[in-house]
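S.K.: Please build the complex by placing chain P on the supplied structure of chain F, with the hints as guidance.
Here the protein sequences come in this chain order: F and P.
For the record, in the first sequence the residue sitting at position 443 is 446 according to our numbering, with numbers rising by one throughout.
For the record, in the second sequence the residue sitting at position 196 is 251 according to our numbering, with numbers rising by one throughout.
Take the hints with a grain of salt, since some may be wrong.
What follows is a set of in silico ranges between Cβ atoms, one per label pair, in the way DEER data are often shown [to be verified]:
(1) F:554 x P:179: 41 to 47 Å
(2) F:81 x P:164: 20 to 26 Å
(3) P:159 x F:327: 50 to 56 Å
(4) F:255 x P:80: 20 to 26 Å
(5) F:375 x P:76: 52 to 58 Å
(6) P:164 x F:370: 48 to 54 Å
(7) F:678 x P:211: 53 to 59 Å
(8) P:211 x F:400: 52 to 58 Å
(9) F:354 x P:80: 32 to 38 Å
Chain P stretches covered by chain F per the calculated footprint, using a threshold of three residues with CB under 8 Å from any CB of chain F [to be verified]:
(10) 66 to 77
(11) 109 to 120
(12) 167 to 177
(13) 256 to 269
Since the hints were derived computationally from the structure, they do not count as laboratory data.
The C-beta atom is built at its ideal place from N, Cα and C for all residues, glycine as well.
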Amino acid sequence: MTESLHRDLGLTDEEHDLIVSILGRPPTVTELAMFSVMWSEHCSYKSSRALLSTLPTEGEGVLVGPGEGAGVIEVAPGQAVAWKIESHNHPSFVEPHNGAATGVGGIVRDITSMGARPIALLDSLRFGPTEGVRTAYLAAGVVGGISSYGNAIGVPTVGGECIFEPSYEGNPLVNVACLGIVETEIMRGRADNPGDLVILFGSATGRDGIGGASVLASAELGPDSNDKRPSVQVGDPLTEKLVIEASLELVAKSIISGLQDLGAGGICCPASEMAAKSGSGIRIDLDAVHLREPGMGPFEIMISESQERMLAVVAAERAPEVLEVCRAWELEARVVGEVTDTGLVEVVVSGETAASIPAAALASQAPLMKRESERPEWLDDLRAAPCGDAPQEDLGGCLLALLASPGGASARWIWEQYDHMILLGTVQGPGGDAAVIRLPGSAAAVALSLDGPGKLCHLDPYEGARLAVAEAARNVACTGARPAAVTNCLNFGNPEKPEVMWSFQEAVRGIADSCRALGLPVTGGNVSFYNETSGRAIHPTPVIGMLGVLQDATAAVGLAFKAQGDVIALLGTTHPDDFGAGDYAAVVHGALGGSVPHLDPKREQALHRLLAQAAAKRLLSSAHDLSGGGLAVALAESALAGGLGFRAAGTEPDMETHRWLFSESPSRALVSLAPEKLDRVRAAASELDVPVTPLGEVGGDTLDFGAFQVALTQAAAAHATHPIGAAP
Amino acid sequence: MTVRAAAVVFPGTNCERDCALVLERLGVSVELLWHTEPHLHGADIVVLPGGFAHGDYLRTGAIARFSPVMDAVSAHARNGGLVIGICNGFQVLCEAGLLPGALRKNRGLSFLCHWTEVRVCNHATPFTSRAEEGQRLKLPINHFEGGYYCDESTLAELRENGQVALRYEHNPNGSLDDIAGITNAAGNVLGLMPHPERACEALLGSEDGVVLLSSMIDSALRAA
Chain F
4 MTESLHRDLG LTDEEHDLIV SILGRPPTVT ELAMFSVMWS EHCSYKSSRA
54 LLSTLPTEGE GVLVGPGEGA GVIEVAPGQA VAWKIESHNH PSFVEPHNGA
104 ATGVGGIVRD ITSMGARPIA LLDSLRFGPT EGVRTAYLAA GVVGGISSYG
154 NAIGVPTVGG ECIFEPSYEG NPLVNVACLG IVETEIMRGR ADNPGDLVIL
204 FGSATGRDGI GGASVLASAE LGPDSNDKRP SVQVGDPLTE KLVIEASLEL
254 VAKSIISGLQ DLGAGGICCP ASEMAAKSGS GIRIDLDAVH LREPGMGPFE
304 IMISESQERM LAVVAAERAP EVLEVCRAWE LEARVVGEVT DTGLVEVVVS
354 GETAASIPAA ALASQAPLMK RESERPEWLD DLRAAPCGDA PQEDLGGCLL
404 ALLASPGGAS ARWIWEQYDH MILLGTVQGP GGDAAVIRLP GSAAAVALSL
454 DGPGKLCHLD PYEGARLAVA EAARNVACTG ARPAAVTNCL NFGNPEKPEV
504 MWSFQEAVRG IADSCRALGL PVTGGNVSFY NETSGRAIHP TPVIGMLGVL
554 QDATAAVGLA FKAQGDVIAL LGTTHPDDFG AGDYAAVVHG ALGGSVPHLD
604 PKREQALHRL LAQAAAKRLL SSAHDLSGGG LAVALAESAL AGGLGFRAAG
654 TEPDMETHRW LFSESPSRAL VSLAPEKLDR VRAAASELDV PVTPLGEVGG
704 DTLDFGAFQV ALTQAAAAHA THPIGAAP
Chain P
56 MTVRAAAVVF PGTNCERDCA LVLERLGVSV ELLWHTEPHL HGADIVVLPG
106 GFAHGDYLRT GAIARFSPVM DAVSAHARNG GLVIGICNGF QVLCEAGLLP
156 GALRKNRGLS FLCHWTEVRV CNHATPFTSR AEEGQRLKLP INHFEGGYYC
206 DESTLAELRE NGQVALRYEH NPNGSLDDIA GITNAAGNVL GLMPHPERAC
256 EALLGSEDGV VLLSSMIDSA LRAA
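One chain only, chain F, in its complex shape (with noise of 0.2 Å):
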């Protein structure tokens, strides 16, 4: 062993200390090679543990809170949905389209060690601004890995974002949320027992993925970056529908007691937190872990990423029941381990023990990390800075070139190669505000969303982390929907810079305060750290995913104007100068400066219960978020989603035509419905204190905002621009 080979796993001299004080003697190979994994960053959440402790984790119907594979949220009698978001960035970077697939295959295996059926997916994408060099690759890339592997699986994916923007040109986002429904009993990762044995099962152990978490995702990447591409897992989706079936059959026949997937840090993973959190111990015998390939070394089957992987603990005497349902479902399946009473993680290999770890020391014992914080000095400068809101001559043109730009374009192209369709649950499919998933055998529907306003958050993380709950919350509440769970996961880049530290600081105390304001708990998600690439960072991006519940799936309201002659309505409180870190202030001015729009969480509370009274009482044809671009945009894509115009003529307030049509202003909704209804959303919302601001109405072939028109054909050519062309 060399000197410093701690160092090249990532581990730090001061680490290294601690480990050699919690053994009593110096580690092996093996031992460091799990400590660095544990230990990284991306498993053991050392920079971020004590802040995410602040977020709010009890509400009404949780189950699980965070700790586990996924929360789980009780959203109907009796029915009970698992939900999480994980990133994938780098291994995305380095590889798109394996990077993206095994994305998708890592957040399926945990939503199914819950024992929950993964029913949909949702992904959460950034790349660079579209000229550059490598986007249209790293788009095309991960839009076709996730494709491919979603689509194989047999899981839809419903919903998700897509964004350009400079920041992420070195560091593309994958960030990806499943939401599972609880078949019969919920699982965890759990080795109560002394004496039950544990089954590895699903694909054999290969030298892919060796390091991923440490050396991938809890570093910078620079020029080098090619160099890391054996770090990237490759997956096989084919192996992965068996596992989530074999897994399934597992919990619902009841034979084992704990199940844990394979992810990050390989079998050292669920080794030790299973472990860790029954107070129990576990003996791995490597002789018995089948490979992919001879003459791998002790460190390297620990620690590999192989995908479609699970661990099972099991009573002995029910082990063959085990072996039987894996022989089944045609994958492999073996008997590796124990459970002990020794509080250690024990690894044998041809009889000689290659590690004997206590569980804890790599579960829970990763040194936190006091990072230092500071408000970067040119944020003054960036505030001091135009925001972009002068008005433009011809706000047609405007409308149609926010229609036409990467943030603004139809993401069909990417969405349409997602099978959104299987499981036969899709009420409404993605290009709404939400998903609208109606759960097997049940009346009752989730609205799922995911919002993770980077520029906003650049501009100030605290009000923009606050502004990113509040849009997901809206989003799913314009459906009808109860905002009820939020799952986040938080980009950032190197958590080492002050500056970085600072941003991260404000965003979870944005989104803690935001979550408490509308009651909302966080049960699960998702830290990446390190998001920079030759010392950029990204844009501070945490990603929100809400979950909503509908009671009744056919009361679900989508965005598309429905009928000729309804009546259209704003609900809410415009702002004129809500253009900080604005769609209209990028696409028509290239400005990114400025304050960010204020929430008020009641006005925003307040709405959310008027969009689900009057969806309940069915009183709307159509409620869409307004969000990028304002009004103008909420109504043209309103218009586009039925092939219906309209004419909001003269219902302008006291405003410039630019502030009423293209500010910002959060906490308001576009609703179109039948004139008689009119009166009783009127009084619903006044009951609400939600101002009601009727424009106009639907019909015709023309956007009439009545200072000027576009043509229906006109506004659907531009929202139908490729953002990168064609796949190169």
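M.R.: Leaving out everything else, chain P in the frame of chain F:
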């Protein structure tokens, strides 16, 4: 009598539960049949559902045709039994020689999942008897390899025998002659790329798939 269907499940098949759910709602008793099963257990209808049989590795359907169950499926088809292959099932039927031709990658070289309009071109098949000739059906597609292809003489035969059951109104994938679904010469085997099981409920966007599945159930009842 209750019509009995066997939905074949290859490793990687993923639409079997959807097919079973919809057929059961239409009164059919459905058994999911693992691909190693050599017998059909007396099924009236064989369903080859969509998915990625054997991962679609090598070529779609190329490995599935060698699964043990396929001998029984072929025998069932030869004896005039009803067989419907949906999407990946259509690809398997072509590979197995139960239908002529092959399915190539989509014209645009990308996966496509969206609604299409198809036209019933022969309403005299066991799968289209409830349709009017020329009736338009709203059905979704979901495939990467959906462009039907065959040689000229085969195409001429298909046309002459009325084997082109369904054509796209707006060809999404470069399929020859806009073909969305064909039957064998005897008419008892249908392969189609659109998914009728996904179009059996207004809430999900269309009920037109019921036309095809109910026609098939009618035919099974008539044959009994």
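S.K.: Confirm or reject each hint.
M.R.: Evaluated hints:
1. A hinted range of 41 to 47 Å for the beta carbons of residue 554 (chain F) and residue 179 (chain P) is consistent with their spacing of about 46 Å.
2. In this structure the supplied range 20 to 26 Å is violated for residue 81 (chain F) paired with residue 164 (chain P), their Cβ-Cβ distance being about 45 Å.
3. Between residue 159 (chain P) and residue 327 (chain F) the C-beta distance comes to about 40 Å, which lies outside the given range of 50 to 56 Å.
4. With their beta carbons about 23 Å apart, residue 255 (chain F) and residue 80 (chain P) fall inside the hinted range of 20 to 26 Å.
5. The beta-carbon spacing between residue 375 (chain F) and residue 76 (chain P), approximately 56 Å, falls within the hinted interval of 52 to 58 Å.
6. Look at residue 164 (chain P) against residue 370 (chain F): about 51 Å separates their beta carbons, and that is inside 48 to 54 Å.
7. Taking the beta carbon of each, residue 678 (chain F) and residue 211 (chain P) are about 58 Å apart, inside 53 to 59 Å as hinted.
8. Between residue 211 (chain P) and residue 400 (chain F) the Cβ separation comes to about 53 Å, which falls inside the hinted range of 52 to 58 Å.
9. Residue 354 (chain F) and residue 80 (chain P) have their C-beta atoms about 58 Å apart, which leaves the hinted 32 to 38 Å range violated.
10. Here's how the stretch 66 to 77 of chain P fares: 8 of its residues keep a CB closer than 8 Å to some CB of chain F, so the rule of at least three is met and the hint holds.
11. By the rule of at least three residues with a Cβ nearer than 8 Å to a Cβ of chain F, the coverage given for the stretch 109 to 120 of chain P holds, with 4 such residues.
12. Note: the stretch 167 to 177 of chain P has 3 residues with beta-carbon separation from chain F under 8 Å; the three-residue rule is met and the coverage holds.
13. Here's how the stretch 256 to 269 of chain P fares: 3 of its residues keep a CB closer than 8 Å to some CB of chain F, so the rule of at least three is met and the hint holds.
In this structure, the hints that do not hold are numbers 2, 3 and 9, in rising order.
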